[in-house]
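K.L.:
Using the sequences and the hints, build the whole thing.
Protein chains in written order, with this note's numbering: chain A, 1 to 201; chain B, 1001 to 1249.
For the record, the hints were derived by calculation from the structure and aren't laboratory data. Be careful, since some hints might not be right.
Derived lysine-lysine pairs resembling DSSO-like cross-links, with alpha carbons at most 30 angstroms apart [unchecked claim]: (1) B:Lys1011 to B:Lys1034; (2) B:Lys1083 to A:Lys64; (3) B:Lys1228 to A:Lys107; (4) A:Lys126 to B:Lys1240; (5) A:Lys109 to B:Lys1034; (6) B:Lys1181 to A:Lys109; (7) B:Lys1079 to A:Lys64; (8) B:Lys1083 to A:Lys126; (9) A:Lys107 to B:Lys1034; (10) A:Lys60 to B:Lys1063; (11) A:Lys60 to B:Lys1079; (12) B:Lys1063 to A:Lys55; (13) B:Lys1051 to A:Lys55; (14) B:Lys1184 to A:Lys107; (15) B:Lys1228 to B:Lys1011; (16) A:Lys109 to B:Lys1209; (17) B:Lys1051 to B:Lys1083; (18) A:Lys109 to B:Lys1240; (19) A:Lys109 to B:Lys1125.
Among the chain A residues that face chain B by a calculated CB cut under 7 angstroms, a handful are [to be verified]: (20) Phe13; (21) Asn31; (22) Asn110; (23) Ser116.
Being a predicted model, the structure only gives us computed values, none of them experimental. Every residue, glycine too, gets a C-beta built ideally from N, C-alpha and C.
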Amino acid sequence: MITIIDYGLGNVFAFSNIINSLNYDFNIAKNEKDLELSDKIILPGVGSFDWAMQKLNESKMRDKLDDLVLNKKIPVLGVCVGMQIMFDNSEEGNSDGLSWIKGTVKKFKNFDNNYSVPHIGWNDVKIQKSTNLFNGINDPQFYFLHSYYVNPLSPECIVGITDYGINFPCVINHRNIFGTQFHPEKSHAWGLSLIDNFVRI
Amino acid sequence: MLLVSNNELIKTINFQGRTYIGDPMNAVRIFNEKEADELVIADIEASLFNKAPNLELIYNLAKECRMPLCYAGGVNNIKTAEKIISLGVEKLAIGTAAINNINFINEVSQRIGSQSVVVVLDVKKNSNNRYTIYSKNGSVDCDLDPVKFAKSVEEAGAGEILLNSIDNDGMMNGYDIEITKLIKSVINIPMTVVGGAGNISHFQETINKFGPIGLGAGSFFVFKGKLKAVLINYPNSELKRTISYKNQN
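P.N.:
So this is what it looks like as structure tokens:
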């Protein structure tokens, strides 16, 4: 069962609508009980790091998620701040992250007016390593909306990068853990394909 | 940029009048198919009549929308802001509430992140031929200098400025380049202009002058032809690719 985590922020319904249209079974998890049958997890996110961690902790799903992801090794896809909270901490806030992946989250520096911060809009993704997430996706472009980017301790988990003044990691993968900085649920056909690919993993 | 009044899509000219366009859900489906870059839905009655945002409508639109969605209209407290984001909206555009209390921008951007906080500047030239900001859907002259205000909202944590020209709204004769230049020269955060786009050349001209800038349009995407027949349309990807910023340096 694909489970979309509803912890109070992120496009839960956009994801559910897409997965529904792809004819897969799914449920939306608001509490620990809802996670019982999960074999794949989507962790959406729109918002600030501290707020996301606060909401996730308040949802009381944190412990079960840790178990599913770290022990049972269930595939999980984190999106935007949903991916960022998988790391240790962020320059955006004071909270500790989930520490599912070692690394930090950094803020874009304001280079010049060609690269205003936040990074808002559509941008290209350059795939660095082959991954099932991008099967059949040509010329990938996705929607970005963020001021911070992930900085994994281990470069091996960087699957895709995007140029925004600097080349920053926009797709990461460490074992069963996947993350995208962009919003596949709001990136038309490219996003649809990526979500479909994740569900098939 | 789509305007909603009483759950119907409408268009205005200089923020006046109401031409019926159609059903918002239908419009979202069409823009999905046309792969529009982004959608702004503005409830123009909310701040005018002190109405709370229509959460049911927002929920339905967000669920259907395959592109990034920005909601504007009556967002004036943190709980409402959080609620709307939780419905699946990427950004909130705040106008009147920012004018009434700029601290609200600090609060909301700390909570949901600057990337999701757009501040709308509805600008018009007053009787002294000076640009000023209007609130409550263009009905109240706030006698505020847009340039100073733009800087202060940036400092307060806004992630984007949406510059809306009341003078050019619905006229389809091009963007208000003068005010765009004034604002763009003092801010570092991204900016989108709206009000006046009437054909593709307006997009290219604006990018040529200002480099990376968001280009918003309402009338241009809902009307067709001299008689302004209602027809929802959007440039296809080939056409979009031709509109690009060529760095002259």
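K.L.:
A separate judgement is required for each hint: does it hold in the structure or not?
P.N.:
Evaluation of the provided hints:
1. A hinted pair counts as satisfied when its Cα atoms are at most 30 angstroms apart, and Lys1011 of chain B with Lys1034 of chain B qualifies at roughly 20 angstroms.
2. Between the alpha carbons of Lys1083 of chain B and Lys64 of chain A the distance comes to roughly 25 angstroms, so the proposed pair stays at or under 30 angstroms and holds.
3. Of the supplied pair hints, the one linking Lys1228 of chain B and Lys107 of chain A is violated, its CA atoms being roughly 45 angstroms apart against a limit of 30 angstroms.
4. Distance hint between Lys126 of chain A and Lys1240 of chain B is fulfilled; the C-alpha atoms sit about 21 angstroms from each other, no more than 30 angstroms.
5. A threshold of 30 angstroms between alpha carbons decides the hint, and for Lys109 of chain A with Lys1034 of chain B the separation of about 34 angstroms lies outside it, so the pair is violated.
6. As the CA atoms of Lys1181 of chain B and Lys109 of chain A are separated by approximately 24 angstroms, the hinted pair is consistent with the 30 angstroms bound.
7. For the given pair, Lys1079 of chain B sits about 28 angstroms from Lys64 of chain A by alpha-carbon distance, which is consistent with the 30 angstroms threshold.
8. Taking the CA atoms of Lys1083 of chain B and Lys126 of chain A, the gap is near 35 angstroms; set against the 30 angstroms cutoff, the hint is violated.
9. Taken as a hint, the Lys107 of chain A and Lys1034 of chain B pair is broken in the structure, with Cα atoms around 33 angstroms apart against an allowance of 30 angstroms.
10. For the hint linking Lys60 of chain A to Lys1063 of chain B, the alpha-carbon distance of about 25 angstroms falls within 30 angstroms, and the restraint holds.
11. About 21 angstroms separates the Cα atoms of Lys60 of chain A and Lys1079 of chain B, which keeps this hinted pair within 30 angstroms; it holds.
12. For the hint pairing Lys1063 of chain B with Lys55 of chain A, the CA-to-CA distance comes to about 21 angstroms; that is within 30 angstroms, so the pair holds.
13. Using a Cα cut-off of 30 angstroms, the hinted pair Lys1051 of chain B and Lys55 of chain A holds, with the two alpha carbons roughly 28 angstroms apart.
14. Restraint check for Lys1184 of chain B and Lys107 of chain A: satisfied, since their Cα atoms lie roughly 22 angstroms apart, inside the 30 angstroms limit.
15. For the proposed pair Lys1228 of chain B and Lys1011 of chain B, the alpha carbon gap of about 11 angstroms is at most 30 angstroms, so the pair holds.
16. A hinted pair counts as satisfied when its Cα atoms are at most 30 angstroms apart, and Lys109 of chain A with Lys1209 of chain B qualifies at roughly 24 angstroms.
17. Distance restraint check for Lys1051 of chain B and Lys1083 of chain B: the Cα-Cα separation of roughly 16 angstroms lies within the 30 angstroms cut-off, and the hinted pair is therefore satisfied.
18. Annotation: proposed proximity of Lys109 of chain A to Lys1240 of chain B holds, straight-line Cα distance about 29 angstroms (limit 30 angstroms).
19. For the suggested pair Lys109 of chain A and Lys1125 of chain B, the alpha carbons sit about 35 angstroms apart, so the restraint of at most 30 angstroms is broken.
20. Hint status for Phe13 of chain A: holds, given a least beta-carbon distance of 4 angstroms to chain B, under 7 angstroms.
21. Because the closest C-beta pair between Asn31 of chain A and chain B is about 16 angstroms apart, greater than 7 angstroms, the hint is violated.
22. A hinted interface residue such as Asn110 of chain A counts as satisfied when its beta carbon comes closer than 7 angstroms to some beta carbon of chain B; here the least separation is about 6 angstroms, so the hint holds.
23. About 4 angstroms separates the beta-carbon of Ser116 of chain A from the nearest beta-carbon of chain B, less than 7 angstroms, and the hint is met.
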